Every structure is written in C-alpha cells, then in structure tokens.
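Colleague: Residues per chain are reported as follows:
Number of protein chains: 2
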Amino acid sequence: MEKATEGYRGRALELLRKYGAKEGQLVEVFTSDGLETKGLLIPRYEYADDNHIVLKLKSGYNIGLEVDTIRSIRTVTEESQSANHDFVTPSKPSEEDLQKKKRLLLVSTGGTIASRVDYRTGAVHPALSASDLYAAVPELNKVAIVDPEVVFSIYSENMTPKAWSVLSSKIIELANSRHSEGVVVMMGTDTLAYTSAALSFSLIGFEMPVVLVGAQRSPDRPSSDAALNLRSAALFALESKRPGVYVAMHLNENDERIAIHSGVRARKNHTSRRDAFQSIDTPLVATVKDASRIEWYENSKVPEKTPPPSSFNFKTHFEESVALVKFHPGFDPSVLSYLVTEKSVKGIIIEGTGLGHVSDDTVAVISELVKRGIFFGITSQCIWGHVDLNVYATGMDLIAAGVTPLENMFAETAFAKLSWVMGNFNDTRKVMLTNLVSEFNLRIPLSKPENEES
Amino acid sequence: MEKATEGYRGRALELLRKYGAKEGQLVEVFTSDGLETKGLLIPRYEYADDNHIVLKLKSGYNIGLEVDTIRSIRTVTEESQSANHDFVTPSKPSEEDLQKKKRLLLVSTGGTIASRVDYRTGAVHPALSASDLYAAVPELNKVAIVDPEVVFSIYSENMTPKAWSVLSSKIIELANSRHSEGVVVMMGTDTLAYTSAALSFSLIGFEMPVVLVGAQRSPDRPSSDAALNLRSAALFALESKRPGVYVAMHLNENDERIAIHSGVRARKNHTSRRDAFQSIDTPLVATVKDASRIEWYENSKVPEKTPPPSSFNFKTHFEESVALVKFHPGFDPSVLSYLVTEKSVKGIIIEGTGLGHVSDDTVAVISELVKRGIFFGITSQCIWGHVDLNVYATGMDLIAAGVTPLENMFAETAFAKLSWVMGNFNDTRKVMLTNLVSEFNLRIPLSKPENEES
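Chains X and W supply the protein sequences, listed in that same order. Using my numbering, the first residue of the first sequence is number 7, and each one after it goes up by one. Using my numbering, the first residue of the second sequence is number 7, and each one after it goes up by one.
Derived from the structure by calculation, the hints contain no laboratory data. Just so we're clear, the structure is a prediction, and the values are computed from it rather than from any experiment. Be aware that a few hints might be false.
Derived lysine-lysine pairs resembling DSS-like cross-links, with alpha carbons at most 25 Å apart [stated by the list, open to error]:
#1 LYS349(X) - LYS349(W)
#2 LYS352(W) - LYS349(X)
#3 LYS352(X) - LYS168(X)
#4 LYS377(W) - LYS352(X)
#5 LYS247(X) - LYS148(X)
#6 LYS377(W) - LYS352(W)
Anything over 10 Å on all C-beta distances counts as not near chain X; from chain W, calculated [claimed, not checked]:
#7 GLY16
#8 ASP56
#9 VAL172
#10 THR197
#11 GLU245
#12 LYS295
#13 ASN319
#14 SER340
#15 SER386
#16 GLU418
Cβ atoms here follow ideal geometry from the backbone N, Cα and C, with glycine treated the same way.
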C-alpha cells in the first residue's frame, strides 16, 4: 500500500508515474472526449479514491478527472511555480462594462464556499480579502460587475443574533454605496437557514433580491458545488426582479438545477448531501437551470406577494436575550426558569412534540413565567405541519397558560423572527402572528371534535 | 347558519331532516353501492364539513358516509338507547381458540389510538379498563386471542425515562405470564419514536416482535387511521417471526399499506398527516398490505441481523439524569453548566448544526464539563446524514474536548440510548458507539482533504 502522504495511490498513481507527472506541476491532460485540460496537479482530496486526479485550473477552481478517461498527460514545467498564485485580481470596471453589466454585491461571511485550500501548506483559508473573494468567482466577472466585500470570516456555527444585526446593516449600507442591483451572501451552511430567516425580516423594505448561498464541498474539491451554487445565486439576484431573501443550493445531486428557496422556509435537512436544503411545507420559489435560466414554480408567483407595511422596513436590530429550547421526554422545565431568572431571557421558542405539546409539569412552569411577562412561542419538532393547540387537552392548557402557537413556522425561523421582533417592536405576540413574508402558511384547521370545545 | 351545537349543518342536516333522523338514534343507511349500514348516528366531528354523516357501528368503530351516496335512511328507534354500550366484552377463550389462534399481548399506554369519545357527554376517554381496550379492537379477536392490558393512560408527552423502565418490565412480565407470541403497544404518537427507540434497547433479548402503534385521528372520527394501523401492527407482531421493536403507521395518505419502521430509525416528521412517521437514513423494514400481508423490503432482511451479545439482554433501567439540548445561534452554553451543577445531569446529547458543530464558546464549556466526567454525545439537527467531526476545525476541537460523535443516530434515538446506557453500563462511550440494533448505519466517510489531517 502507498502511504497517504504520497497523495495519489493505486491506479491514479500508476497513471501519473507513467507520464512522469508530479504534484505541484502544471500539466495538460488529454481525455477521451477530445478535450485538453490545463492545470496544476494537486494532491488527492477524495478519501480512498484512486479513480481521479485533481487539477487546479487557472480560474482557481479544481476539477477531478477520471483515470479511465485520460489518454495522456504532458507536463508543462516552465509555468508550474507561478500557476498557483495566478489568480484574477480585481480591476476597475471599464466604462463599457459599467453601461452593459449589472452590479452585484458579493458579501462573504466565511464558510466552505468562501474557502480555498493552499495545497503547499495544507491549510484551509476562509477568503480573507476582497481580492481573494474576487478571484474565487472568475465566471461572475463575465456577466456582472462584482463588488466583493468580506463582512465576517467565520464558521457559521459562530453566527449570533448580534452578527445578524451587523450583517443586515452592512448589506443595506454597501448596496447603497455600490449602487448594487442584487446581493449574494456567501456563508457556511450550518446556520444558513437561521440567517436567511433573520435577514428575511431585517431586510423588509429592501428593494432588491438577496440570495444566501453556501457549499457542501469546498471549492478545492473536485465534487464542489460552490461554483454552480454561486453562479446561480448571482443570476437570480440580478435577473429575478423579485425583492426578498432567498437560499440557493443544489436541487438534487446532479449539477443541473439549483433550487431557490424562500429564506423563511428553507431548512438544512442533511448533514452532507449537496441538496441538503429543503423548502418546508411550501413549494420552491424557482430553480435556476445551468446557471443561466430561471424557471419559476407556478405557485410561487401567484398570488402576487403583497409587501408588508412600511412600518416594518429596515428594522435591523436583533434581540440577544432569546432562546430556543427543545422539549424531550423527561425534560426538566427548571431550565426555562434558569434562562429567565439567571440569564434575563425575555422570550423563548419551544420546540414541542406533535401538534405543539409539552409535559404537564412544563406547562405549569411556562404558565408561571408567562405571568412574569415572558413570551413563549410553540413550534413542533416534527418540522413539517402546523401546530394546533385546539385538539388535545395539553394544547388547551398551553393556550390557557398564555403561550402563542406559531402556525407552521419551524423552530429555526420562529427563533430568528422572535429575536427580530423583540429587537424592534413592543407587541411581540401580535407581530409574531402577523404573516410578513410568508413565514407561515394559511392554516387548514384539523378536524376538531366538538366534544372538546366544551 | 346553523349553530355548531346542532351538530350537522348544510347538506348533511337537510338529509337527516328529510328522513327524520336525529343524533343518538340507531339508523340503517342505504347507499348507492347497494350496501346497508347500521349504526348509531353521532354528531359530526369533521370541522366545517357538511358532506358526511357519521355512524358508530356496533364494533365500536365509526364510519363516515358521504351524503351524495345516501339513498335513504331508516330509523330503528327500539334499539337506540342501548346501542352505544353494546360493546364486545372479553370472554374466556375456548379450547378450540387456544389451539388455533395465536396470543397477542395488547398493551395500552394511552394516546389518540386508545381513546374513544362519549358522544353524550362530549368527553374523550383514554381507554381505562381492559374491557374498554378489548372492545376497541373487535377485528383482532377473530384472528388472535387478545390479552388487553392497560399499563398507563397518559398523553405521550408525559412519558419519561422512568416510564420507559416500567413499560419495559411490564411487557416482559406480561408476555411471560400470558404466553404471548407477539406484543402490540398502543400509545400517543408525540413521543412514540422516543419510546420505540428506548424499548429497542431495553427489550434486547426479548424473543418476539414488539410493535408500537399510534393514530393521528381518534377512532371516533370517520378518517381515523386507528383500526388499520392496529390490525396491521397485530399481524406483524404475530406473523413476522422477527424479534425486535417496530413502529407501525400509515405509509401514505391511502388506507392500503402500513409501514413497518425499525424502532430506532423512525421519526415523527409531520404534526398531523397519517403518514407522519418516516424511517431516517434507512429503508423500511416492511409494509403490511390490507392488514393481511407482510411485504418485506429486500434490504431489511439481507444481511440477516446478528443479535447483540447476551450481556445486553433485558436491561430495563433508564437513567433520568440525562438531557437533550439543541444548539442554536446565540446559544448560551451556561445552560449546560446549569444542568450539570444544579440538576446533577450526567450525560447530554447535543443537537448540533451540520456535521455536528457548536459555537466556539460552547466547545469551551463542553470541554470543561467533560473533564468533570460528564458524557457529551453529538448529533445533528439536520436529522438526515452522519455527523463527522473530522472535516472542519470546529469538529476537531470537539473531538479534542472529548465529545463522542454519534454517527447517524438522530437526536431522539441518541437520547433514548443514552438514558438506557447510563442506566445499565459503566463505559458510556463504548456502548454508545456499539451498534446494537442498527441504531446507526455504517458510515461512508466524507471525502476528507489530506491537508486537514495535519
């Protein structure tokens, strides 16, 4: 067995030896489809796979080439040392460009999509500078004037309601100063859906599309979904003419269509698949085919969305003293008292069971805390479907205790909304139950036995 | 508009008036398919529906009849007052029955499936006595000797690890004393998946199938799924010859096939649909068609399951000092310290983001608590897919902190297993990572950049 540190092994290694090609060299690879691909031969990234070699293209992206399809390899030694740094750098847009192309604000917060791997040191770098970011998306420059901005450079699990406030203000400020016509936000996928929900509220009143985009595989890996997601997000941001906040990620495992989800209805439902995101209880807004054509889902345009009243516009503050708590069998409700008493939490989203239930002793604690002015909103850990507190006695007890059933907002969206509502408004319950950006659907009431009305 | 208290309205009310039929009367209804249905006319339960009338049959079940299909109605006044109580009552099985029929232990813990509505008082009664329970499932008596036992009569949101201990012991004790050949457990669906996971561990070594079954609509409603779920569960319990713990619920919205899920892989993913349960990351075990035929899913029988070592047999204790905590943006990790310090919690399942991540400040708190001997297991709020702490720096920090990544056990199963493991064994980490009843799948490692190995 070859050692892992040698990089390639098995059939891929045999092939490279045959042509005397080594990692770090610039090579031209001729494949059976008649194509010639030029790039820097970089170490294998796919665990235990000896069927591919990986080239870093001049564009900054990497592609994997199947060993079986390779006819020959030619090394191009004279260029090899400079190729890795031969990225595109931003230049002042020409007058012609300014007239022809739309302006895209490309905001980076970090995450897989904004990372690149330095194959010499082995470190993963989140895109740290605007020019790094610019270099990472060469395709976009052909169709738009890209204004790259790095707002954060963090893993998305470190995003907070406070960071949502900063990000919201920055997007508004930058889009104004750069005369942007659309915004793409690159971030880690872990909390992307929480963030898309948060921005859906804080950017009410913003007149252009804001598309959040992530990647499940880093751009340095042959199977990366970064490029297609990003190009499709940019297309939707610039061409859809539909203000609002969206999520752009793979529709399925193919590289054909990218799904455009409503920012308040998207959820990350798989840890690793490229199509990890799903729209919950609602159709997709659209798909983008081949990064070039928007295909609308019929239901998503009819009826036309009515924008929320302007009193909700540009409220970018998020309250930090809020919590999301999942109920489970044996749940100790004293956690709720602790959050309120020791941590000054003002509002809590409960992820209950089924139609939105918790145990009797939890109802009792919630009832006491509501009397002290704490807001409790009920969602369901089922994820799909509406909560309904009118069907069983436990639900009615919760209503009597003063909790607010949150229709079919799932917990992540409900939490982001609560943080926003408590950061900007006084009547939490009323705003939570006002459907501002289709964060919940009209409820089809469950059939309710009359005997339970008494 | 008719008042709701009048029960029927609109077209249904017109029809009933035409034939002089009133609620509470025994009637014979003649429908266009040539059938004649006899039963007690009970109030409408379907909200805002004037297309059906509902009859309570002598069997105890109700059916809804479409107004459009009804040719005529005849009232049978002389029997009306006794019909509601004309339930089947248990009688001693005959010698012939004992030789011909299998013995089914039917355990009730409460929930929608075990409820019936008294249409005179309007109250929903969980089945309180063994004879009530017996009466609720008349179809089963034709094919099996049913031993009905009421262990609890609670809404499932009040189930606890302590209740799991009691239920496990009771099932073993009753099945032995009744010479049962299969067990069906009726319970509320809210925490059914937690309970099925719990029993999957505590009943290791038990030599017969145990099938948990619930209903999303109470038996008193025309759209109830209770009867079909129950009959299918009983068939699987008696005929499958496959020891283990299963969940039987509708496969889809039709009344044709009931899905048999592995008890450790089922999750309630919809608040109200009849097919609310899904198998996560794994195929179904089987379906039961028309309550009469088991159709195996190919993958579920090959390879044959190897039973766990007998040292895991019949460990029915569950530890109560465990918790399940969902991470979210802005999560305050002091909650974890509170649980450990103030509530003596010994083990915590974290529902992290993505591949199993939490914020940096949460990692720091976990690291301190692990040093104090607290067990931390990581799952993902994505629900589908494996956690993998070897891909990103946050994951590696968590490994360094001493947390245990729990493969693709989703949070509910991981929590039930933790409660069981800590209740019976010393080496929590080792048993948590031992795949006892296919509670996780073999992991297909994510491709891992070599540069992150350094």
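Colleague: Hints first: check each against the structure and report whether it holds.
Modeller: Evaluation of the provided hints:
With a CA separation close to 17 Å, the supplied pair LYS349(X) and LYS349(W) stays within the 25 Å bound. Restraint check for LYS352(W) and LYS349(X): the C-alpha separation of about 23 Å stays at or below 25 Å, so the hint holds. Proximity of LYS352(X) to LYS168(X) is assessed by CA-CA distance (about 16 Å); at most 25 Å being required, the pair is judged to hold. Taking the CA atoms of LYS377(W) and LYS352(X), the gap is near 32 Å; set against the 25 Å cutoff, the hint is violated.
A C-alpha spacing of about 20 Å is found between LYS247(X) and LYS148(X), which places the hinted pair at or below 25 Å, so the restraint holds. Proposed proximity of LYS377(W) and LYS352(W) is supported: the alpha carbons are some 12 Å apart, at most 25 Å. Annotated as non-interface, GLY16(W) keeps its C-beta farther than 10 Å from every C-beta of chain X; the closest such distance is 15 Å. No beta-carbon of chain X is positioned within 10 Å of the beta-carbon of ASP56(W); the least distance is around 13 Å.
Every beta carbon of chain X lies more than 10 Å from that of VAL172(W), the smallest distance being close to 13 Å; the non-interface claim holds. The non-interface label for THR197(W) is inconsistent with chain X: the shortest C-beta to C-beta separation is roughly 5 Å, within 10 Å. No Cβ of chain X comes within 10 Å of the Cβ of GLU245(W); the nearest lies about 30 Å off, and the non-interface call holds. With a closest Cβ-Cβ approach of about 25 Å to chain X, LYS295(W) is found to remain outside the 10 Å limit, as its non-interface label requires.
Remark: the non-interface label on ASN319(W) is consistent with the geometry, its nearest Cβ contact in chain X lying 24 Å away (cut-off 10 Å). A beta-carbon of chain X is positioned within 10 Å of the beta-carbon of SER340(W); the least distance is around 7 Å. A beta-carbon of chain X is positioned within 10 Å of the beta-carbon of SER386(W); the least distance is around 5 Å. Its beta-carbon lying about 7 Å from the closest one in chain X, GLU418(W) breaks the requirement of being farther than 10 Å from that chain.
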